[in-house]
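2 protein chains.
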Amino acid sequence: MTTSNDVARRAGVSQATVSRVLHDNARVGAEARARVLAAMAELNYVPNAQARAMRLQRTGTIGVVSGKIKTPFFPQLIDAIGSNIADRNLRMVLWNSEENRGEPAALETIRSGLLDGLIFTSARPHSATLHQVAELGIPFVLVNRTVDELECDKVTSDNEAGGRQVAQYFIANGRHQVAIVGSSSDLSTVRARRKGFVDEFTRQGIPLRPEWQTQGDEPYTHDLALEAAVPILAAEDHPDAVFCLGDPNGFGVLDAARRTHRVVPTDVWVVGYDDTEMCSWESFDLSSVRQPVDDMARVAVELLVRRIAEPDAPFIDHRFASNLIVRGSTGNVPLKSTQ
Amino acid sequence: MTTSNDVARRAGVSQATVSRVLHDNARVGAEARARVLAAMAELNYVPNAQARAMRLQRTGTIGVVSGKIKTPFFPQLIDAIGSNIADRNLRMVLWNSEENRGEPAALETIRSGLLDGLIFTSARPHSATLHQVAELGIPFVLVNRTVDELECDKVTSDNEAGGRQVAQYFIANGRHQVAIVGSSSDLSTVRARRKGFVDEFTRQGIPLRPEWQTQGDEPYTHDLALEAAVPILAAEDHPDAVFCLGDPNGFGVLDAARRTHRVVPTDVWVVGYDDTEMCSWESFDLSSVRQPVDDMARVAVELLVRRIAEPDAPFIDHRFASNLIVRGSTGNVPLKSTQ
Chain A
5 MTTSNDVARR
15 AGVSQATVSR
25 VLHDNARVGA
35 EARARVLAAM
45 AELNYVPNAQ
55 ARAMRLQRTG
65 TIGVVSGKIK
75 TPFFPQLIDA
85 IGSNIADRNL
95 RMVLWNSEEN
105 RGEPAALETI
115 RSGLLDGLIF
125 TSARPHSATL
135 HQVAELGIPF
145 VLVNRTVDEL
155 ECDKVTSDNE
165 AGGRQVAQYF
175 IANGRHQVAI
185 VGSSSDLSTV
195 RARRKGFVDE
205 FTRQGIPLRP
215 EWQTQGDEPY
225 THDLALEAAV
235 PILAAEDHPD
245 AVFCLGDPNG
255 FGVLDAARRT
265 HRVVPTDVWV
275 VGYDDTEMCS
285 WESFDLSSVR
295 QPVDDMARVA
305 VELLVRRIAE
315 PDAPFIDHRF
325 ASNLIVRGST
335 GNVPLKSTQ
Chain B
5 MTTSNDVARR
15 AGVSQATVSR
25 VLHDNARVGA
35 EARARVLAAM
45 AELNYVPNAQ
55 ARAMRLQRTG
65 TIGVVSGKIK
75 TPFFPQLIDA
85 IGSNIADRNL
95 RMVLWNSEEN
105 RGEPAALETI
115 RSGLLDGLIF
125 TSARPHSATL
135 HQVAELGIPF
145 VLVNRTVDEL
155 ECDKVTSDNE
165 AGGRQVAQYF
175 IANGRHQVAI
185 VGSSSDLSTV
195 RARRKGFVDE
205 FTRQGIPLRP
215 EWQTQGDEPY
225 THDLALEAAV
235 PILAAEDHPD
245 AVFCLGDPNG
255 FGVLDAARRT
265 HRVVPTDVWV
275 VGYDDTEMCS
285 WESFDLSSVR
295 QPVDDMARVA
305 VELLVRRIAE
315 PDAPFIDHRF
325 ASNLIVRGST
335 GNVPLKSTQ
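Respectively, the protein sequence lines represent chains A and B. If you're matching positions, the first sequence starts at 5 in this note's numbering and goes up one per residue. If you're matching positions, the second sequence starts at 5 in this note's numbering and goes up one per residue.
Read the hints as simulated data drawn from the structure, not as lab findings. Treat the hints loosely; a few may be bogus.
Which chain A residues face chain B? A few, computed with CB under 8 Å, are given here [stated by the list, open to error]: (1) Ala90; (2) Asn100; (3) Thr113; (4) His226; (5) Leu228; (6) Arg262; (7) Glu286.
Every value quoted in this text rests on a predicted model; they were computed, and no experiment measured them. No residue lacks a Cβ here, since even glycine has one placed at the ideal position from N, Cα and C.
Using the sequences and the accompanying hints, generate a full structural model.
See below:
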């Protein structure tokens, strides 16, 4: 492999001069600098990145902790974050948070000096690691899921407004017998969606049946949603609409309707959340609240890059609007302006 | 952050002694070593990993180039590779190959000294980067897709046998009017699946209709498969079985059947490939050939770790068996032993 020595010899300068050029040291004449850069190009010289990182205190690498990557949502988010990182000629180190070892591993790695900053996509409250990251002054951004009491840069979409919009849509169309199929309430996203939905029913004085408000410990799986929805839909007295707090839940409820011979949308409306790609497939044709994943990823990377450059910049809480996309699972009934 | 200086002060030794302990230098007395290690533990000292990597010439980091991560297959493979890497206390740096910039970026990064080895999951033949990686003697493994002419460690499942098994299953059950919905033939996986299927029909003397052998440039999308299948299934003279070279193609063909009012499995059987999680959902209930993804990931990481430790070990071509999983899209008709 080419060394800085080889570059010095080819350029006819000392190795110290090559080193100064690499350090952007001003004490190198323009002509010498040009010769060194030309020699580097000719020799296809790649400066040792470890050595460069030690000098600059920058690694060019961003750590990203993904939520469960085998779901439909997180690959879309990770794909978009990865593109934004690559566009800036940075690298992404990825952890899967599924077994709760992603966050501690990311913390250990950045403490070892191998990363410039961290992006967490699946924060849980009471995460000791996240609080430690904040206390240590490590540059990081929370995107998608956040933790209220942490002071840091955050990028979300308005999940509470999304839940409210679904409630208004159901109510305006006379669907008042509603179920919620969702997951663990300690996730900020799920909690806000549920709150927006429930508060709107309360505000409009329409009671919700407690036995139809399901809640699982595990987030977002098709199979858990199916199991939860089958007894509810099978009963003679069943809901006329189901709000699912994630798309996999929505797909599970569609399967539950199939199994219990309830016709969607005639007997029951179904709405999901995230508007992942499969919602538009004819097998599902699932109405769903869209999160602007590409925009969220772009801003998360922007904020992290800013935070790395300006550690003391004020924190930004960037919240995008969310937007219900109407499809066949709610009879393609258009949104009205309801308030 | 704690420095080796702090450790030296706490242990009552010189910084050079701390450095010798970190370097596993034998010229440190047992007692001094114990004092240094105790001080490190007390101070929660993390040696700078960049500095350690430069000494040891090991980074503890593996680069992985994923195929399109927004498909159902690659997240399952990446998830399994990531778990195996984490189990060994190594880190994963991930690139998405979608825009063909993953492989060159991975090569540049390992040449900069930041990685110990590479895993490619979506190799294409004629990839200049892969040939360069091989020529430079960089430790790497191909998993899932491979390149015939590259001499390296390879982990696959037997895609040709998988295609042959589907052909035998169709033929044994009188489904002789078959279509193939698949993607680019320059992918090793897709090419082998198609070859196994076509060769078996040829061997049994059953002609295939050329106009039903579709082929797209882009791999594995639902929408391209849907578009290709609709005119074929809509025609009065339509196939009685469709072999899809990937699961997303299978989901697209199921949607095409729905749109053209063909009943699955009565009018047409559909088989996918990879047996991704969604195949078992009732919305699809898609028969599919299973690749043993977890085993493939485990062996790929094992082979790479071996290759890093023993650069001159003989190359291994590890091919797992594949296995057709029967579901409702082929009427749950069990496999017979056919030859």
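For each hint, the structure was consulted:
1. A cut of 8 Å between beta carbons decides the hint on A/Ala90: the least distance to chain B is about 6 Å, and the hint holds.
2. Among the interface hints, the one on A/Asn100 holds; its C-beta lies about 5 Å from the nearest C-beta in chain B, closer than the 8 Å criterion.
3. Taking 8 Å as the C-beta contact cut-off toward chain B, the hint placing A/Thr113 at the interface holds, the least distance being around 6 Å.
4. Interface restraint check: A/His226 against chain B, minimum CB-CB distance 6 Å, threshold 8 Å, status holds.
5. Interface restraint check: A/Leu228 against chain B, minimum CB-CB distance 13 Å, threshold 8 Å, status violated.
6. Interface hint at A/Arg262: satisfied, since its Cβ lies 6 Å from the closest Cβ of chain B, which is below the 8 Å cut-off.
7. Among the interface hints, the one on A/Glu286 holds; its C-beta lies about 4 Å from the nearest C-beta in chain B, closer than the 8 Å criterion.
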